[in-house]
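Peer 1: With the hints as extra help, turn the sequences into a complete structure.
The listed protein sequences derive, respectively, from chains C and G. Under our numbering, the letters of the first sequence match residues 1 to 583, in that order. Under our numbering, the letters of the second sequence match residues 1 to 584, in that order.
No lab work stands behind these hints, which were simulated from the structure alone. Don't take each hint at face value.
Unchecked claim - According to the in silico footprint, chain C covers these stretches of chain G (three or more CB under 8 Å from chain C):
no. : region
1   : 281-291
2   : 449-457
3   : 467-478
4   : 482-493
To be verified - Some chain C residues near chain G, calculated using beta-carbon distances under 8 Å:
no. : residue
5   : 45
6   : 47
7   : 49
8   : 50
9   : 61
10  : 96
11  : 125
12  : 126
13  : 178
What the hints assert, rightly or not - Mimicking DSSO-like on lysine-lysine, the simulated pairs with C-alpha atoms at most 27 Å apart in a straight line are:
no. : chain 1 : residue 1 : chain 2 : residue 2
14  : C       : 5         : G       : 290
15  : C       : 84        : G       : 505
16  : C       : 106       : C       : 524
17  : G       : 290       : C       : 6
18  : C       : 465       : C       : 318
19  : C       : 70        : G       : 171
20  : C       : 477       : C       : 539
21  : C       : 81        : G       : 406
22  : C       : 399       : C       : 106
23  : G       : 297       : C       : 21
Yeah, the Cβ is synthetic: ideal placement off N, Cα and C, and Gly gets one too.
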Amino acid sequence: MLSNKKHMTINGEIVPFSDEKNILEVIRNAGIDIPTLCYYSELSTYGACRMCIVEDDRGNVITSCSTPPKDGMVVKTNTPKLYKYRRMILKMLLSSHCRECTTCEKSGNCALQALAKRFGIESVSFDKSKKAFKDEYEIDRSSNSIVRDPNKCIHCGDCVRMCSEIQNVGAIDFAERGWNLEVTPAFGDKIANTQCVNCGQCAAVCPTGAITIKNEISKAWDAIYDPDLRTIVQIAPAVRIALGEMFGLTHKDNVLPLIIAALRKIGFDEVYDTSFGADLTVIEESNEFLERVENIEDHKWPMFTSCCPGWIKYAENKHPELMPQISTCKSPMQMFSKVVKEELNVNREHMKDTRKPWVVAIMPCTAKKDEAARDEFKTNGERDTDLVLTTQELGNMIKQAGIDFNSLEPEAADLHYGMFSGAGVIFGVTGGVTEAVIRRLVENKDMASLTGISFSGVRGLEGLKEVSVPYKDMMVKIAIVNGLANFEALLERIESGELEYHFVEVMACPNGCINGGGQPKSNKEIRSERSEQLYANDKMSRIRFSESNPFITRAYKVIIKDRHHDLLHVEYEIEKEMKAARE
Amino acid sequence: MKVLVGQGSCGIASGAKKTADKITQLIGEKGLDIPVKTTGCIGICYLEPIVDVYDDDGKLYRYVQVQPEMADDIVEFHLKDGIPVEKYLIPEEGERFLADQTRIVLKNCGVIDPEDIEEYVAVGGYKALEKALKEMTPDEICQEISDSDLRGRGGGGFPTGRKWNQVKEQKDHIKYVVCNADEGDPGAFMDRSVMEGDPHKMLEGMIIAGVATGAHEGYIYVRAEYPLAVSRLRIAIEQAKEKGYLGENIMGTGFDFDININLGAGAFVCGEGSALTASIEGQRGMPRVKPPRTVEKGLFERPTVLNNVETFANVSEIINEGSEAYKAIGTPKNAGTKAFALTGNVNNTGLIEVPMGTTLREIIFNLGGGVKGGKEFKAVQIGGPSGGCLTKEHLDLPLDFDSLKKVGAMIGSGGLVVMDEDTCMVSIAHFFMNFTQQESCGKCVPCREGTHIMLELLEDIVKNRADETTIDNLLELADTIQNTALCGLGKTAPNPVLSTINQFKDEYLAHVRDGVCPTGTCQAYKKIIIDEEKCVGCGLCKQVCPVNAISGGSYKKAHVIDNDKCIKCKACISACKLDAIDIV
Numbered sequence: 001m002l003s004n005k006k007h008m009t010i011n012g013e014i015v016p017f018s019d020e021k022n023i024l025e026v027i028r029n030a031g032i033d034i035p036t037l038c039y040y041s042e043l044s045t046y047g048a049c050r051m052c053i054v055e056d057d058r059g060n061v062i063t064s065c066s067t068p069p070k071d072g073m074v075v076k077t078n079t080p081k082l083y084k085y086r087r088m089i090l091k092m093l094l095s096s097h098c099r100e101c102t103t104c105e106k107s108g109n110c111a112l113q114a115l116a117k118r119f120g121i122e123s124v125s126f127d128k129s130k131k132a133f134k135d136e137y138e139i140d141r142s143s144n145s146i147v148r149d150p151n152k153c154i155h156c157g158d159c160v161r162m163c164s165e166i167q168n169v170g171a172i173d174f175a176e177r178g179w180n181l182e183v184t185p186a187f188g189d190k191i192a193n194t195q196c197v198n199c200g201q202c203a204a205v206c207p208t209g210a211i212t213i214k215n216e217i218s219k220a221w222d223a224i225y226d227p228d229l230r231t232i233v234q235i236a237p238a239v240r241i242a243l244g245e246m247f248g249l250t251h252k253d254n255v256l257p258l259i260i261a262a263l264r265k266i267g268f269d270e271v272y273d274t275s276f277g278a279d280l281t282v283i284e285e286s287n288e289f290l291e292r293v294e295n296i297e298d299h300k301w302p303m304f305t306s307c308c309p310g311w312i313k314y315a316e317n318k319h320p321e322l323m324p325q326i327s328t329c330k331s332p333m334q335m336f337s338k339v340v341k342e343e344l345n346v347n348r349e350h351m352k353d354t355r356k357p358w359v360v361a362i363m364p365c366t367a368k369k370d371e372a373a374r375d376e377f378k379t380n381g382e383r384d385t386d387l388v389l390t391t392q393e394l395g396n397m398i399k400q401a402g403i404d405f406n407s408l409e410p411e412a413a414d415l416h417y418g419m420f421s422g423a424g425v426i427f428g429v430t431g432g433v434t435e436a437v438i439r440r441l442v443e444n445k446d447m448a449s450l451t452g453i454s455f456s457g458v459r460g461l462e463g464l465k466e467v468s469v470p471y472k473d474m475m476v477k478i479a480i481v482n483g484l485a486n487f488e489a490l491l492e493r494i495e496s497g498e499l500e501y502h503f504v505e506v507m508a509c510p511n512g513c514i515n516g517g518g519q520p521k522s523n524k525e526i527r528s529e530r531s532e533q534l535y536a537n538d539k540m541s542r543i544r545f546s547e548s549n550p551f552i553t554r555a556y557k558v559i560i561k562d563r564h565h566d567l568l569h570v571e572y573e574i575e576k577e578m579k580a581a582r583e
Numbered sequence: 001m002k003v004l005v006g007q008g009s010c011g012i013a014s015g016a017k018k019t020a021d022k023i024t025q026l027i028g029e030k031g032l033d034i035p036v037k038t039t040g041c042i043g044i045c046y047l048e049p050i051v052d053v054y055d056d057d058g059k060l061y062r063y064v065q066v067q068p069e070m071a072d073d074i075v076e077f078h079l080k081d082g083i084p085v086e087k088y089l090i091p092e093e094g095e096r097f098l099a100d101q102t103r104i105v106l107k108n109c110g111v112i113d114p115e116d117i118e119e120y121v122a123v124g125g126y127k128a129l130e131k132a133l134k135e136m137t138p139d140e141i142c143q144e145i146s147d148s149d150l151r152g153r154g155g156g157g158f159p160t161g162r163k164w165n166q167v168k169e170q171k172d173h174i175k176y177v178v179c180n181a182d183e184g185d186p187g188a189f190m191d192r193s194v195m196e197g198d199p200h201k202m203l204e205g206m207i208i209a210g211v212a213t214g215a216h217e218g219y220i221y222v223r224a225e226y227p228l229a230v231s232r233l234r235i236a237i238e239q240a241k242e243k244g245y246l247g248e249n250i251m252g253t254g255f256d257f258d259i260n261i262n263l264g265a266g267a268f269v270c271g272e273g274s275a276l277t278a279s280i281e282g283q284r285g286m287p288r289v290k291p292p293r294t295v296e297k298g299l300f301e302r303p304t305v306l307n308n309v310e311t312f313a314n315v316s317e318i319i320n321e322g323s324e325a326y327k328a329i330g331t332p333k334n335a336g337t338k339a340f341a342l343t344g345n346v347n348n349t350g351l352i353e354v355p356m357g358t359t360l361r362e363i364i365f366n367l368g369g370g371v372k373g374g375k376e377f378k379a380v381q382i383g384g385p386s387g388g389c390l391t392k393e394h395l396d397l398p399l400d401f402d403s404l405k406k407v408g409a410m411i412g413s414g415g416l417v418v419m420d421e422d423t424c425m426v427s428i429a430h431f432f433m434n435f436t437q438q439e440s441c442g443k444c445v446p447c448r449e450g451t452h453i454m455l456e457l458l459e460d461i462v463k464n465r466a467d468e469t470t471i472d473n474l475l476e477l478a479d480t481i482q483n484t485a486l487c488g489l490g491k492t493a494p495n496p497v498l499s500t501i502n503q504f505k506d507e508y509l510a511h512v513r514d515g516v517c518p519t520g521t522c523q524a525y526k527k528i529i530i531d532e533e534k535c536v537g538c539g540l541c542k543q544v545c546p547v548n549a550i551s552g553g554s555y556k557k558a559h560v561i562d563n564d565k566c567i568k569c570k571a572c573i574s575a576c577k578l579d580a581i582d583i584v
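Peer 2: And the structure:
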């Protein structure tokens, strides 16, 4: 018996549907890959590429992205008419698109290239357009994180909607009309001069090579082959659960040991784990929080986390008044670099290695490239983190080196900075920082307590979560937010007095670092698998509490001592300026 | 006795202000007590400036093309001594131009002073609003409009009553009435004339729409290029508020309605409904995908009535006279009148209003006085860049929404551009395609890229570098754009090309196959010929040629021109002292 479910007919087959917002989703769920260049389910429906057209039972051509499903609807997805129009639309796009595929950063991952191949576009009949052969627009390399090449833009608007709808930044938008349409910062300015927070989400959704992550692989090779440099690499938590995707591995595969082996094969001298830095952050941040709680009246609440550089930049740009409320802790990456370099400086004689330490961080994040270049993270004018490569760049580097990743023998990271707790590794997903800090706060450190925390509401990929945790005689109220538009909405409610918190975790990217701008292209399903795998990594750790990491204890004893403020905390320029202005 | 001077933009452009000032000055000097008033476009644009003298019995004497120096005679003989100056009066065919029209929308244009609400009230203004507020329910108003068969005059021809009813049925407590006054078609100026000549008529229609649908706020989206219309609208809104026809508690009924004016920055696409509302909201003017429709989620995501100027201007007539009387004008399902801006190669240009279903022949040959210079009629472009061209075989076609749709054209907003035998239809298609591709918002691929490619192909034809495949390519592109573009403007962008190819295929073929532009319009098809008999090889032509297309030439030996290199600038023709060079 047919249930109450509604049905539509797709290519003659009856397909049930429920609450899909458009027939495109229904058709895709039915296993038919409708081509699109401007559709992302997380973003508003734009309807510009017209590739998702289908034919209804009256022969009308309609876009499936903008048509809600109706009971009894009949559509066809592959008719001669649709084939003809799709091919023509692709030819139109290609007529004004740069043809230098061989030297394009996006070659092989380009949606336009893939569709041209899929629809067998063997030649472009209309190629008088100047744009196809001449670089009309200057390439914008001003950003530390992304490169904009407007010559490759197909005006799908994905980046524009991502930047404004999800991130509330609006650094880029459309300008001009008709054939002169372009995506650009206001007044044709460089992207570095805008309010861009370097999150790289624009590059993550760009179907072509119009916005790409700044490629710095050659700098890594130069350092590796420089006899005067001792190359040290740190791997961020979210990298280990995504890199395997570039080599066809599943999320169940334990990729970290393979990454470590690959990094050694590439030629890095020492391979460590950023999760160690995360453990330091947990200790410092929870200490800072407790200090603030001790003097609860002296502080404005809530306290905000500080590990996400996209969020820091956003606060500097849009809410400088919040800076005093942001934890002074450096990000795990910066804590790590600083402490490692300190160790090597202290023990240089002892280690009989006089090469200059040079730290490379493998990050899921494009904003980290910008963070590492900031003056606040330089010692005697030199960067603490010398280079940041994204997950994607590392994958490409492994391919460049000709390493057969899947047949590598697993290896373990080096001591002491390759050791980490499970609390450090879950930093890579939204709610992870909070969960790690809660583990530090609870008195009872047994398994039941751990399980209790994991079910307290900190986990899950929602844009906003709320948790309350008892601490001594108070109830600590916590909010966890990801995506900057979600943050902005939350802030409005905090400022209006509707909501009150003690602690707010902010991650700029939707879902946190597992969906950072430097990660391989993903979708909802992939991201939820990444998240599960990160929690599995935590579960596999012998050490679950940051303070139980013996090498953390050692670091405090041997390196940090009483210098934790100098080494692990930061005061941003803008705060110094604000302070000076107040005085 | 009173004097009216037509001062729409057309009148002012022809010098009506100077004429009016001069008359006022002379009346003052002669100590006469005769008011000189401003009125909107009288409609006979080709005879501007127009001065209407009404004697005490209300008899009208219409002086045309009145330059300031003619004012002396008019004031001295007519105003002072009561003897009309025959030689300046309107010629007979000019009178016929107005007499053959049926004016509803333009009824008061050129008759009342648009800056004086009393004059509008004196001719029955705001009676319809009073009736709607005091004697009718919203359901009855919507029903009356539905029964009248009024259809949107902006181009699509959607039944206005049905639209109002849909908005009325929406549950939202905030609704809007929006007037599309972003008239952007080349050669169209009907809406401008209404706003300049009779702004209250349109305001009254908007307020009634508010009463009918439960909206309390209206927006007029008008082009900034219409400064006179904007200033008269502002004056009208202010006066209507003072008089209690607008604002809070209208006519003591407790109904509130306010109207805002938003200026458009000259983007043609902002005439498209969803782009227009986006622009009012402060967003980039780009059409969005539908659903939701404007009646459900329009301006600020609220239910919205969106009609154009002419549509709103029809409303008071329907409410006053009833739907039956209104329906008696026009053809079945195409009730009422339509205003057209008649331009191009026609003797009488101007603003006309005729019943729906009037034939082209009547418009062009009766009202328009036939084709200029006695030339042969070739075609008329109707509906601007979204429309198509009609030819001799369509002369007896009734002009209404449905008949035009059948022949692949549309009324559009009402531009009528008449073309004579010397007009090259490829050039016309090129002109309109250039317009649409420039005015494309750039959002969807077919419109942004497709229209640009079509323009390039048309340019190939005009520049004599096309072949027959160019026409096939044009047709293929047009088919894709028509079927896949996002908004109405995109979908109709290929119409001028399609309809000229359909009606004038031979002319296209003459270009691409025979290498001839039959009308001699396309320069690239011309040849420069040097008469060997006349040329003495003096070298003057060779010197001025900017592209070195001329060679040879020595004492008494003629020059030779390479027509492939030649850009037809004709510099050589002007330079030659012996008339030895010609272009054919």
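Peer 1: Now tell me if each hint is right for this structure.
Peer 2: Against the structure, the hints come out as follows:
no., hint, in the structure
1, 281-291, "holds (count 6)"
2, 449-457, "holds (count 7)"
3, 467-478, "holds (count 3)"
4, 482-493, "holds (count 4)"
5, 45, "holds (6 Å)"
6, 47, "holds (3 Å)"
7, 49, "holds (6 Å)"
8, 50, "holds (5 Å)"
9, 61, "holds (5 Å)"
10, 96, "holds (6 Å)"
11, 125, "holds (7 Å)"
12, 126, "holds (5 Å)"
13, 178, "holds (4 Å)"
14, 5(C) with 290(G), "holds (25 Å)"
15, 84(C) with 505(G), "holds (24 Å)"
16, 106(C) with 524(C), "holds (22 Å)"
17, 290(G) with 6(C), "holds (22 Å)"
18, 465(C) with 318(C), "holds (23 Å)"
19, 70(C) with 171(G), "holds (22 Å)"
20, 477(C) with 539(C), "holds (26 Å)"
21, 81(C) with 406(G), "holds (23 Å)"
22, 399(C) with 106(C), "holds (15 Å)"
23, 297(G) with 21(C), "holds (17 Å)"
The structure shown violates none of the earlier numbered hints.
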